[in-house]
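**Student:** Quick mapping for you: the protein sequence lines, in order, are chains F and U. Numbered according to the numbering used here, the first sequence terminates at residue 295, and the numbering increases by one at each position without gaps. Numbered according to the numbering used here, the second sequence terminates at residue 649, and the numbering increases by one at each position without gaps.
The reader is advised that the hints may include incorrect statements.
If you anchor each label on the Cβ, the simulated ranges turn out as follows [stated by the list, open to error]: (1) U:Val-245 with F:Ser-88: 53 to 59 Å; (2) U:Ala-244 with F:Asp-122: 30 to 36 Å; (3) U:Pro-575 with F:His-169: 32 to 38 Å.
Over the 10 Å line for every Cβ pair with chain F, so calculated as not near, a few chain U residues [as the list claims (entries may be wrong)]: (4) Gln-216; (5) Gln-250; (6) Phe-308; (7) Thr-385; (8) Pro-492; (9) Arg-544; (10) His-571; (11) Phe-584.
Subject to a maximum C-alpha distance of 27 Å in a straight line, what follows is the list of computed DSS-like cross-link-like pairs (lysine-lysine) [claimed, not checked]: (12) U:Lys-622 with F:Lys-281; (13) U:Lys-189 with F:Lys-280; (14) U:Lys-524 with U:Lys-189; (15) U:Lys-631 with U:Lys-301; (16) U:Lys-345 with U:Lys-524; (17) U:Lys-301 with U:Lys-622; (18) U:Lys-301 with F:Lys-162; (19) U:Lys-611 with U:Lys-631; (20) U:Lys-611 with U:Lys-622; (21) U:Lys-345 with F:Lys-167; (22) F:Lys-170 with U:Lys-301; (23) U:Lys-631 with F:Lys-170.
Everything labelled a hint here was simulated from the structure, so no lab data went into it. Note that CB positions come from ideal geometry on N, CA and C, so glycine has one too.
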Amino acid sequence: MKVAYLLLLGLAACHPRIYFYDVSARDLGLTDSYSVSWSASGSIYLTVHDTTMPYTTGPGVPPVVLLVSRDGRSDTVLLRGADTLRLPEEGSLSIRNLVDVDSTPRFRYMKLVAHKYHKDSTRETQIAFFRAEAVGPVAFRALPSGDSLVAEGNYSAQRWGALYRILAVSNDMGSGDTAVLARDVVVSHAGISVILHPGDAPSFVFRDTPIDGWWSIRSQIMAEEKLGKKEPSILHIRIIVKHL
Amino acid sequence: MAIENIKTVVLMMFENRSFDNMLGHLSFEGLQPQADGLTPPLNRDAYANVQGGGMFFPFQRAVDEQLQFDLPHEYNFVATQLSPDPGGPRMVGFVEAYAESTGTEPNMLCDPMCFFGSKQVLITSFLAQTFTTCDRWFCPLPTSTQPNRTVAFCGQSEIYQTKFQDIPNTGDMFAWMHANNIDYRVYSDGLTFFSLYVGLWPTIFTSGRWRPYETLAADLNGPNPPQVIIVEPSFQDGPHIGPDHANDNHPPLAVGWGEDLLRRTYQALSTSPVWDNSLMVVYYDEHGGFYDHVAPPPFDQAGTGNAMPPGTPAAPVPYNTLGPRIPAMLISPWVAPRTVVKDQYDHTSVLQFLAERFTPGRPFSDNVARRAAQGIKSLSTALTATASHLTAPAPPSDPIAFSYARIGDNIATPPDSAMGQAFEGAALKMLAEHPAEAEKLYPSLGLWKTAIDQARAHNSSTAVSGT
C-alpha cells in the first residue's frame, strides 16, 4: 500500500511544464502574420479555436485556412472548430490566415498544452482579428486635478501592433452609458492636441500617427459633479484605426 | 424569536471568489433580479477596467476550467484593484493588478473579469435561488487569505498579509466556544486551515473535535450533533496525497470539485434530523482578485484591532474600507426563500450571530462589537419567525463537469505561493514536533513527507547532473 502511494506520488511529481509561451500580438488584421514561440516539457500541442467577437451577437465565424510555417516549411491547416497542432518541446511558428480582408472579424484562442502522466499544463492567449478598418477605445483612469479630470498613460505597443495607424478619433463619453455625462475632452497624443465635443463628427487630426505611446485625455469637472454627482472613473475616446 | 430555532450552525468557507464571479449571473440571467449582480449590457463604463490604454469588461466564461494563473489579491494588489480616490474605491484596477502580477499583456477577455453562468455553478446557483443570497457581504479586510480568515474565526487580525508565518489566534472562536460550553466540530476534507495557527495545535490534536469530512453525514445523524460545525474543503495550497483533489475553489482551480463538495454537504445536512433547526452559511474568505462592481464602504480597520500595512507617510496603503464583496448564502428553513438580503455583513456577522444565539447579552468580543458599531449586522437580521422548506428541496442531480486539477505539481519543487509555503511549513513543523499526533489525525501526512523528500532529492540530483 505504501509503495503504491509513493509510486503514485512519484508520478505526480513528473508533471508537464511550460517554461515560455509568447504570441506576438493581440490585435491584428485578418491576414497579418503572427508568431508563436514556446518552450515546454511533455507532449506539446497547440489548440486553435475561433469565436465571434466579444460583446457582439451574430452567426458563428466561418472556417478559415491557416498557413503555418515552421523550419522553412509551410503547411495549410483548415481551421473548422477547435483544431490541434502537435509540436516539439520548443520552437516557433509563423501563422497567417488565408482569407479575404473583408471576411468576418473573429476572436482566436491559442492554447498551448503540455501533457504528461495524465496532467496538463496550459497557457492561453487571445487574439482579436479585425477588418482593415476597425474601432476601439483609448481609455485611462481619470484622476481629479483642480477643476479637471486627467486620464493619461502609455497605450500598449502590443495592442494593434505596428500594422495599424489612427484614421480618426471621436468623443464617445456618455454615448453608451446613460450614467455617464457627455462632456468635452481635450486629447493629446503624438505632439498633437485637439478638443473633441460629444456628438461631433470624427476628427482626422491624428491621421496616420501610431496608436501606441503617450495619451492624455482631460475634461472639466462638470457642474453636476461639483454638486455631488459621481465623476467618471475613466475617460475614454473612440479611435478608428486603419490597416497599413 | 427565530434565533432560538437555530440549534446547529454549519459554516462552510470557500476560497477566493468575488460576488460577481460566482453570483453575478443571478441578475444577468434574470434568475434573481433583486440581487445586485451584473446586468446587460456588460460593455459599459460602470463595469470597465483599464490597462495599457484598453478597456476590459466582464464576460461569461465559456466553460469551467483551470485558469492560467492565480489572481493577485495581496493587500498591495487589492489597493490597485479598488483604485481608491477621495470619492472612494473606483473598482477599475483588477486587470491592471493582474497584468502587473503575471507580467503578461492581458487578453481582451481577461480572467479577473470573468463570471460564471448558472449552469457552470449549478449548486451555488440553486442554493442562491432557493434560499437567501447576501449581496452586501464584504470580506472584512482589503487584503488576502490569512488576515481575512483570521478575522472570520477570531474577530480581529494581527497580520495584514499572507505568508509563511505563525498566525496569532488571539480571540479565536474555539476558545470562546470552549469557555461557553458550546459543542463544536471541524470537518476537514484535507489538512485543516487551522494548522497555520500553532497556538491552536493543542486543541486540534487533543480535543477530538477535528474529524475527517467523510464522517460529517454520519455525525449529523448521530445522537448528539454539535451546535457549531465548520466544514473545510481540501485546500489547493495544502499538501495532497495521491488522487486527492482540491475543492476550495481557489484559482487557478476550476470550481466543479467545489460544487460537488457543496452539493454533498447540503445533502448531508438537509437529509439529516438536524435540518429543521439549522443554519448553513456558505461564504468565501475573500474575492481572490476577481472583479466585483460594488465598491466596499469606508471602514476604520485600525480601530477594530487589526494590524495595518506599513506603507509610508508619503504613500500610505489604503486600508480604510472593507474588502471586496464575496458570494454568501444563508441556507435554512428559517430564512425567507428566494430572497436577497441587503444588510451589510462581513465575516464577523457570523461571530455576532453565534454570540446572540449562544451567549445572549454578551458580545463575542470588543472588536466584533466595534465592527457592529460601524454598521456590520448580525446574520440574525436575515432570519424569519416562521419556517419554510422544512422539507428541504433536493439539489440538482445533474452531473458536474470536473475540470483537471493540478494537484501534485508542487511536489518536486517547493510551492511558489505564500499559502502553499505556509501550509507546507505548518505540515512539516507538525510532523517534526508532534509526529504521533499529526499522523494520528492525518494518517497520510507522513507518506506525503516521504514523497516530497524523494521527489526533491531526485529533482536536485537531476539538476546537478544536467539530465
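**Student:** If a hint holds in the structure, say so; if it does not, say that too.
**Tutor:** So, going through the hints one by one against the coordinates:
no.	hint	in the structure
1	U:Val-245 with F:Ser-88: 53 to 59 Å	violated, 27 Å
2	U:Ala-244 with F:Asp-122: 30 to 36 Å	holds, 33 Å
3	U:Pro-575 with F:His-169: 32 to 38 Å	holds, 37 Å
4	Gln-216	holds, 20 Å
5	Gln-250	violated, 6 Å
6	Phe-308	holds, 28 Å
7	Thr-385	holds, 29 Å
8	Pro-492	holds, 24 Å
9	Arg-544	holds, 41 Å
10	His-571	holds, 38 Å
11	Phe-584	holds, 13 Å
12	U:Lys-622 with F:Lys-281	violated, 58 Å
13	U:Lys-189 with F:Lys-280	violated, 47 Å
14	U:Lys-524 with U:Lys-189	holds, 25 Å
15	U:Lys-631 with U:Lys-301	violated, 39 Å
16	U:Lys-345 with U:Lys-524	violated, 34 Å
17	U:Lys-301 with U:Lys-622	violated, 40 Å
18	U:Lys-301 with F:Lys-162	holds, 24 Å
19	U:Lys-611 with U:Lys-631	holds, 11 Å
20	U:Lys-611 with U:Lys-622	holds, 15 Å
21	U:Lys-345 with F:Lys-167	violated, 31 Å
22	F:Lys-170 with U:Lys-301	holds, 26 Å
23	U:Lys-631 with F:Lys-170	holds, 22 Å
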